[in-house]
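Asker: What follows is the residue order along each chain.
There are 4 protein chains.
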Amino acid sequence: MCSVVGVYGNENASKLCFYSLFSMQHRGQEAAGISSSYEAKIKTVKNRGLVTQIFSEDDFKVLKGDMAIGHTRYSTAGDDSILDAQPVFARYGLGEISIVHNGNLVNAKEIREELTKKGAIFQTNMDTENIIHLIAKNYQKNTLKERIIDAVKQIKGAFSLIILSRHKMFAIRDPFGFRPLSLGKIKSGGYIVASETCAFELVGAEFIRDIKPGEMITFEDGEIKSEMIFEPAPKQCIFEYIYFARPDSNVFGKNVYVVRKQMGRELAKELPVDADMVVPVPDSGVAAALGYAEESGIPFEMGIMRNHYVGRTFIEPTQEVRDLKVKMKLSPIVDKIKGKRLVVIDDSIVRGTTSKRIVRMLKEAGAKEVHMRIASPATTGPCYYGVDTPTKEELIASKMSVEEIAKYIEADSLAYLSIDGIIRAIKDKKENYCFACFDGNYPIL
Amino acid sequence: MCSVVGVYGNENASKLCFYSLFSMQHRGQEAAGISSSYEAKIKTVKNRGLVTQIFSEDDFKVLKGDMAIGHTRYSTAGDDSILDAQPVFARYGLGEISIVHNGNLVNAKEIREELTKKGAIFQTNMDTENIIHLIAKNYQKNTLKERIIDAVKQIKGAFSLIILSRHKMFAIRDPFGFRPLSLGKIKSGGYIVASETCAFELVGAEFIRDIKPGEMITFEDGEIKSEMIFEPAPKQCIFEYIYFARPDSNVFGKNVYVVRKQMGRELAKELPVDADMVVPVPDSGVAAALGYAEESGIPFEMGIMRNHYVGRTFIEPTQEVRDLKVKMKLSPIVDKIKGKRLVVIDDSIVRGTTSKRIVRMLKEAGAKEVHMRIASPATTGPCYYGVDTPTKEELIASKMSVEEIAKYIEADSLAYLSIDGIIRAIKDKKENYCFACFDGNYPIL
Amino acid sequence: MCSVVGVYGNENASKLCFYSLFSMQHRGQEAAGISSSYEAKIKTVKNRGLVTQIFSEDDFKVLKGDMAIGHTRYSTAGDDSILDAQPVFARYGLGEISIVHNGNLVNAKEIREELTKKGAIFQTNMDTENIIHLIAKNYQKNTLKERIIDAVKQIKGAFSLIILSRHKMFAIRDPFGFRPLSLGKIKSGGYIVASETCAFELVGAEFIRDIKPGEMITFEDGEIKSEMIFEPAPKQCIFEYIYFARPDSNVFGKNVYVVRKQMGRELAKELPVDADMVVPVPDSGVAAALGYAEESGIPFEMGIMRNHYVGRTFIEPTQEVRDLKVKMKLSPIVDKIKGKRLVVIDDSIVRGTTSKRIVRMLKEAGAKEVHMRIASPATTGPCYYGVDTPTKEELIASKMSVEEIAKYIEADSLAYLSIDGIIRAIKDKKENYCFACFDGNYPIL
Amino acid sequence: MCSVVGVYGNENASKLCFYSLFSMQHRGQEAAGISSSYEAKIKTVKNRGLVTQIFSEDDFKVLKGDMAIGHTRYSTAGDDSILDAQPVFARYGLGEISIVHNGNLVNAKEIREELTKKGAIFQTNMDTENIIHLIAKNYQKNTLKERIIDAVKQIKGAFSLIILSRHKMFAIRDPFGFRPLSLGKIKSGGYIVASETCAFELVGAEFIRDIKPGEMITFEDGEIKSEMIFEPAPKQCIFEYIYFARPDSNVFGKNVYVVRKQMGRELAKELPVDADMVVPVPDSGVAAALGYAEESGIPFEMGIMRNHYVGRTFIEPTQEVRDLKVKMKLSPIVDKIKGKRLVVIDDSIVRGTTSKRIVRMLKEAGAKEVHMRIASPATTGPCYYGVDTPTKEELIASKMSVEEIAKYIEADSLAYLSIDGIIRAIKDKKENYCFACFDGNYPIL
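Chains as they are written, first to last, in numbering that gives the first Met the number 0: chain A, 0 to 444; chain P, 0 to 444; chain H, 0 to 444; chain Y, 0 to 444.
The set of hints was computed from the structure by calculation and includes no laboratory data.
You may find that some hints are simply not true.
Copies of the same chain look alike in the list, so a pair counts if it works inside one copy or between any two.
In silico DSS-like pairs for lysine-lysine, Cα to Cα no more than 27 Å straight-line [claimed, not checked]: (1) K167 x K428; (2) K155 x K144; (3) K42 x K398; (4) K152 x K355; (5) K184 x K355; (6) K429 x K60.
Whole structure, please, built from the sequences with the hints as guidance.
Answerer: Dropping the structure here:
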């Protein structure tokens, strides 16, 4: 997860980054930051916390200029240093630079070892620092652009990058296009690049197109210039459709809500069940449940209430905290559920503990039957491209069969949508997407 | 608004109050507090902010004992003093007392004037302080119970009260029963009284019954004793069904979600429209929109996305802040909406500014037609019984006809559910409810 | 302790109160507050913490008007409720009122019992609330002034009071004049009343005179009017000279620094010792040590260094915290002390633990002999007039002889200044002062 | 300014660093941090604020191990980034490293340019980052020790350094010994190195000796090993005696209080004046004033009171803030001063604005004459070795004669101690000290 944004050519560049980050807060609640470039000086404000907590009006007096980049970060295991917020800023041979990165490099460790062996120092745990080093150490090349191209050719993995220098901005998407990155035109002037198009809505921008896998866009002298710096080999993350992206965003060329609803329809076709009502696990299961209900003809009901005064489960750092929060987050609408046979729609099952708790809660509320239908295949492997999944051992589907999981979560039945079902829902070629966490076919390791 | 809770006879009384207040956070985000009674001493912790922000583990070491009461408060115009958080604690002739109050007294000013004329002092702006004064000054009576009964007979208006003394707890609902108040049995021991039954779910309590309009329940010596201290004349607040209460709560004997959905059905019957999809204004319009869609056969779509990283509009203090937040809170799912004729379902229209902004947003997203359908009658008058409505002048329906409002909010059509429609939805007698904000028939002034 | 201030007839009244409270921060670091009166409305801002932490520029936009009162508070045993900050504000029969109080009432409990028996409620633990009640309940009298006079005639003990109403301000000192209260003229306009004259310096005010024991000053219609409402019977707190007041203040007609230095001289006359240097316990022992050195001819050295990054010992709430802080606060200048015979001057000994620690520290630093000389008599009884002394049991001098204390604190010798010595130092009549904590002659109980 | 500390071989290493930093808080109030090494991992906690504000008990659960280093930082012009707190941590070719630095490099810019030209990146503005780079890039050398020696031979300027690796600690003082650095033995086990010996007192350590100019001490395998890595050429900062160091510290082999007092004596000999009393500007002028009084026979009086509820002037960031704080910090004891001829002793004059304000304050308090005597020569040039002096233009003595300054600050007379006077006071050879800010003889540029 994480989100990135860059604004070029608008006098409120940093404020527009702020609003964009606010829109993409669901992609990371641990930390956030913005860098802007003004009179050949880059300033950065970053901290831990939510976007609205970090920035005050005063910060925008510092973050002047018509170019800015921003980032929201979700916590990964272990390291929670303040230093690990982005953008990462540095002074190097050609001046000042600041970078934001969404994704995960698979050769970060090798690069670090190689670089430190030759004298580099690393002050953070972030992959972003690797990229800056690769740019900086390439001192034979005289332009930042050449250096960036050389640098990104050495890194492997998932990277949607935005780079700010004193006078230019660059946006790059890795050849697999693992993570989304879209380009928009701001009505009040200039351009925006962001992880999700939901950022465009708030800042008054129009979607132009997605940055292509392997493409680099250079923002310079008020113009944008595109070039393909990699041979594209699209393997876009299917989980963006399943869970991450906001329903109102368009990612990889399609609207997320529409895709999710269609997944629900496919789920109903593949895995029908005789039941009285379709109930989503809110909020992530709502769109798929609507599709399931429409397709199956079984009435849709918001049978589980979500209390929005607690944060998003998936993002919370430890198992223990999550347990308490699940209990405080979801509650059944007993009058609707009592004596009924339910099809409960969720986006995915990770460890199984949340599902188990939901099933038990519904049974205690009087549900006669609970049939879990998951709008994605069984998650059997971790993600190496920027999604904070647990280890293989913690993924329930890596060690139990569907029947065993059903028993474990105490559901009357359980079924997962097939990869083919997803393909039908997105109406695109399978080879354009990464399904590694379901089928183990990792595009790059 | 506001919520109250009381727990009697459970060793974790204050913690259970905390969890209950968390469940009822939607009834007030401005301030919260808990008092508990232990060894004939009452301790109070209260502050401004959300429930989860106010209380720390240490506070529960102070809030010992098996009796506790709690309160969440929403800000009312003007006064935002820390002193105006509840519970209100006082020492008086019979010892120590602490009170929480949901509602609003219509004769508070008269009581204050009378009391101050005779030498009383008021340190806060809260009606609750009036009630304590009435109890305290009645020194001819030797028992707290007698004094409470005498006191509540002098106050007029809406009051769901919970009173904690050193050894007892009392729960009282005014004869009109304006605000809800329910009684439950905690599985791990003791009783709970709360504004909404959603509080019961989290603390493991079973719903026994509503406290009746005019009833006082005394918790004493491990027992509960009921007596009718007023002739009941039910005028329960219809807005609890329309907007306030959580969908998973049962208030006034019915489940809120079920009632809201039925209101949607009635809305569809009364005010059909030829359209392509039914879209709720989330979250408050969802249940009614589901009902509307089912009744009308027009497909239901979550065509507007809500960003939950901002608080609830209705609760925010000033018009200016609310404007910004609306913009940051709702966004359209363009792909679904474009070129479509929409029926947009909202719970109510207050000033009209939010509706206008929503319509415009949907039109800009490409909606061909926007037909607003409101799951309640036009709000033409303020509430004097505890709902923080604006003045009559600020209520758009007090100065414009439906047609004028439709034009103002730029909708292709606008229609409100009738009072009869509501009656049909709740399947109860009209005279049991207060519709004063719609029809001007104020039960008491 | 505590400090009070009132400013009348200056458009920056609340800001001048703020600066005055800052100057009197040494009289209470637990909480502070200011009330101002503007267009017949009284506004109050108060909170826990230091003066500079509590108030922001925005608060002074609220605290408008040309009349204001303020208070700093030190924590007393047990209760640390936010409610117990002053000023205490109330609405009562004649309008609005706000009061600040320095001192302690000896009949507070009786008044409370009497008042509550007749129906009053108390929301705080502060004596100030008693006074407001007495004013409020006296509804037969039509003017605030009459009511104030009646009220203060019912209270017994120490009270330097400032009362703010919508259009007037009143300053009153109890007939014993236990606590100081001075009147000044502000150069930029209007009057100031404050506990200590050090407040005058910062706000540009000139000392006019002390408010007399038993005097009430009324600030009304731009004028000040004095009247004696009690027969004066001065028993001014000698501890103001010994420890509380700032050296640059004049209290009870004399400069504190000058008096303290003279006490040091008397100490040298009464209790000579053969030694190499005079060392003060900083900061409170400095002036007396200078006097001792001058009189004895023994060189003065700042042999103990004080680290000012921690707060004042005497004010800290619990014994445990204080222990750690003493250790972090004082350190010896080893090179000066090593092998020397020291006369160590301190203002007083309370529990003896601090003295013991100081002696040990000096011995470890190589001092050959440590002779403690205390610039006040042995403290044998608690104060009932506003000084936060511990109970009699905790006062070391209440249970040990001077010789035993010397042994306990491991000093080579120990001696206290006599009451006569103090009298000589202040050059005034003994009967004008309260020595109760030394001789047990409590003026009122 | 700034302070550094390192503790080796004590299981409470990080806590002892904390206490030491607390003792040295006067050397920097802007930020602080601690790194500790445990099981071959270095952890760091650092932040802005005072030492007591930054660290909580939980931090010491993270900062485990028996080796730790710490730093307090004062703000320098312009950059106040959180990143600029120390220790600076990095991973490099040989593992992990963390460094603290007191001083200032004169060739930092050249090193940065050279390093960035060859591909290095700089994420902060701190000289410390240069040093880490020099260590890291020297990958031909296999041991950290060799690399450190090579690195410090490339840097020029003032550096008292402590370096923590996974298993060792190193302490180094530059050949000029500009800044102090002392070695102590902790009674409960292990060693301590700190900027000032006042840190030893609190942690129970005994002074062993100063680290010599040009010396490196290696803490390894429980042992300490000394070697001279530079030819010593002592030029110790005379301002440590004049102002920076705490009076109870011994720096450069002498006690600061004793030296300061002796400077006061020399001042009296060189610059006698016919006056009634000697008054220090507290706290920095106290020791010199005592010396002046003793030598001259003129009585010493604490005629100016200091309010310790505000921080230290010299450290505050901007001129504007300082002005307000001076006014809130010092106040005259009018009764002592009125009609008197004063010798006022201060440590130094920087811009002259504070002195001017003090003179005016004393005159307004009634002083007949004010003779300023400064216990150091006129400061005519900035410091390049770690003292945050203003630019030459801002130093009043760089553009005015003594007579002109006297007139500007409105003193009846003004005189500075000569360099010879200082030499006599410290009883050491002149060539061992840096007087550059007085005489312009900069040892290295």
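Asker: Which hint numbers does the structure go against, in order from smallest to largest?
Answerer: When the structure is compared with the hints, numbers 1, 3, 4, 6 turn out to be violated.
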